[in-house]
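Assemble chain C onto chain S, guided by the hints.
There are 2 protein chains.
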Amino acid sequence: MLVVQKFGGTSVGTVDRIREVARRCLATQAEGHDVVVIVSAMSGETNRLLALAKQVNDDPPLEYERELDVIASTGEQVTVGLVALAIQKAGGQAQSFLGSQVRITTDNAFTRARIKSIDGERIHEALRQKKIAVVAGFQGIDEAGNITTLGRGGSDTSAVAIAAALKADACEIYTDVDGVYTTDPNVVPNARKIARISYEEMLELASLGAKVLQIRSVEFGMKYGVKIHVRSSFNTNEGTWVVPEEKQMEDVLVAGVTAARDEAKVTLIGVPDKPGTAARIFKPLSEANIVVDMIIQNVSSEGRTDLTFTVPRGDLKRTVELVRTSLPEMAEQGIKTDDQIAKVSVVGVGMRSHAGVALRMFEILAKEGINIQMISTSEIKISVVVESKYAELAVRVLHDGFALHLPA
Amino acid sequence: MLVVQKFGGTSVGTVDRIREVARRCLATQAEGHDVVVIVSAMSGETNRLLALAKQVNDDPPLEYERELDVIASTGEQVTVGLVALAIQKAGGQAQSFLGSQVRITTDNAFTRARIKSIDGERIHEALRQKKIAVVAGFQGIDEAGNITTLGRGGSDTSAVAIAAALKADACEIYTDVDGVYTTDPNVVPNARKIARISYEEMLELASLGAKVLQIRSVEFGMKYGVKIHVRSSFNTNEGTWVVPEEKQMEDVLVAGVTAARDEAKVTLIGVPDKPGTAARIFKPLSEANIVVDMIIQNVSSEGRTDLTFTVPRGDLKRTVELVRTSLPEMAEQGIKTDDQIAKVSVVGVGMRSHAGVALRMFEILAKEGINIQMISTSEIKISVVVESKYAELAVRVLHDGFALHLPA
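Protein chains in written order, with this note's numbering: chain S, 10 to 417; chain C, 10 to 417.
In isolation and in its complexed conformation, chain S is listed as follows (with noise of 0.2 Å):
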């Protein structure tokens, strides 16, 4: 088999660490297998190289983002030189590639370059060496020889694209988790982990919040087939498997629950119900980059709606600037902020087929007093928004009414 895995800045924070990196890799290809590692820089560097560019100039202009990147990429650079020395130093072979050894090119949009092809012919040559390939995560090349960044997290994205790349039979993601669970352990004590789960459900709760893979990944993941093994560093359980959907997936109505805190919601009062109007408030929001995610607008009534959307949290002040400046005919009062809210997801490729998810969902938050301000949904998921304060509950209760703690 080929396997790639992928070590993030934690596990290859410390020489120990770094020492125990070379022994799992060691370990695998012991067991007959080529091994490709991606690492991530030492946790705390990329931060540190980021910051010392601050210092130095604190707003550079969009093109000196690609000085950024030059600056940022050695994170990696340094940790591929170290693993391989300690592949070595463990009586391994190892050779480390950069991003412009492998060709991993990329787009030109500096510090969130995507990838658009890898050239594995050197990491094969390597293979063939009976050599474990150490690739830096991160980053890339344009096409005129630029280094780029994949903006952060982008070591996972790089890990299985690689292993599409190379068509590796499994793209193992190292963290310090066990794996995907039902919902956030810290919150709900006997949240379960995830055997197999399906790209379109990791996507949701990815995007939704859980912090294990980036959501690019899964992209790639699911557009190239890669089976991708979210698993502990510390030990040698199994974690979770992310796959193509399989039949018995659907058996499950209720994958997970996720909570997302870091939204803000922002409602118009007495929008003019006429065409264009949306097209007036969310365009200079898209160009300004602005991720609107929810929205919601009333019935009409003479000529006037309520129209209601949220942002990242981050965002308000700048969105609220914006609608002010498109819509100059609003009064003040005529646009109301909170940031005091939380969507809470239920997320399974099970309810594709299984109706009346959406109602027992409702009853369940009902039966606790919760109230539902805005709801969306997707053929795979159901989210609300609630006040902030109740996040945690809504989570917990949904848990337990969909009875994930139970084997699935």
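In case anyone wonders, no lab produced these hints; they're calculated from the structure. Please note: incorrect hints may appear among the correct ones.
[As the list claims (entries may be wrong)] If you want the footprint, here are the derived chain C segments under chain S, 3+ residues with CB under 8 Å:
hint : segment
1    : 17 to 28
2    : 55 to 65
3    : 79 to 92
4    : 103 to 110
[Said to hold, decoys possible] As a list, the in silico EDC-like pairs of lysine to aspartate or glutamate whose alpha-carbon atoms are at most 16 Å apart:
hint : chain 1 : residue 1 : chain 2 : residue 2
5    : C       : Lys98     : S       : Asp68
6    : C       : Lys98     : S       : Glu72
7    : C       : Lys220    : C       : Asp271
8    : C       : Lys140    : S       : Glu72
9    : S       : Lys98     : C       : Asp68
10   : S       : Lys98     : C       : Asp271
Glycine included, each C-beta is placed from N, C-alpha and C at the ideal position.
Chain C alone, transformed into the frame defined by chain S:
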């Protein structure tokens, strides 16, 4: 004019110093010049990185020195990004370049690679766009695309090689001293800054311990006729120009005096005086990369001779071991060592056409009662080995005796 400016680790050691470098480059550009900056790693950074590598693997085999270069080269990579950001912040335009990006092609002798060629096209392109090109020193890339480094002080060589490739009008090497002095000003307070010195003299001074310029950078400068200007990063004074030999340089008998304390002496007593003995002794040393500097062989008597030579002090133990192995017939007491020696030298192209410098040197030393243990001479240099406790005295009396404190 096209000016290459090189700043070492101390000159970019803090954020403030980096801002200072940016201002200096911009001031040069404002005078109407095209500016290419070569920078080292921030002071202490290369040591920190190599110490980290050593913690992971204290004795990597030769082929894993590749990984040391992957790690060590990040130091310069961070600095080029920071300097480019600092230039932008100060109102200019800049672009960073890595060794791989300007194709500083080297051989594949990791940790001590030699530059073979440089492709200046990307730098010229940046200059045409009125940008300051900020190039990482110390690093290159071999023909297979592996990162290489040039060895300690390699950024000087990078700077001079880039100046040669770009046909720059001057290569300014910024240091923490004002230029090259007739001798160490810490030893001889009235040492004088040399305005112009030939490559040949500089080579002799550099190899004898004047730490201002890396030897290879001077060799490169000589080979390609690059005018090197060694100057202070703390002021705008003219420093020392290292240039092709000029007619008037011959009027100066001695350009400088130096002392090197990092050698040790080995004396082999009663070595069989027959063909092949010298080869038996020195071939193993050469193979072990031990540089033998001075060699003296006494006149033979009764088929036996005494042989004395010097090696770097750090290699003394290994040298003795190798000699014992290659000359097993040598008695234990036949091998004598002395690491309390210093090599004191006078250097000057004027010696070529003026006899009597050696004689005068010996007289000056004799007058002070300083015993000469070994002598070696080249066309423009005379070196003597003395007891190390006399080193500073020897330098002082020679500096005085040749009147080096007076303007040439």
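So, going through the hints one by one against the coordinates:
1. 17 to 28: holds (count 3)
2. 55 to 65: Three-residue rule met by the segment 55 to 65 of chain C, so holds; n is 5.
3. 79 to 92: holds (count 9)
4. 103 to 110: With 5 residues in contact (Cβ-Cβ under 8 Å with chain S), the coverage given for the segment 103 to 110 of chain C holds.
5. Lys98(C) with Asp68(S): holds, 8 Å
6. Lys98(C) with Glu72(S): holds, 13 Å
7. Lys220(C) with Asp271(C): holds, 13 Å
8. Lys140(C) with Glu72(S): holds, 13 Å
9. Lys98(S) with Asp68(C): Given that 16 Å is the threshold and the Cα spacing comes to 8 Å, the pair holds.
10. Lys98(S) with Asp271(C): violated, 32 Å
Of the hints listed earlier, the one the structure fails to meet is number 10.
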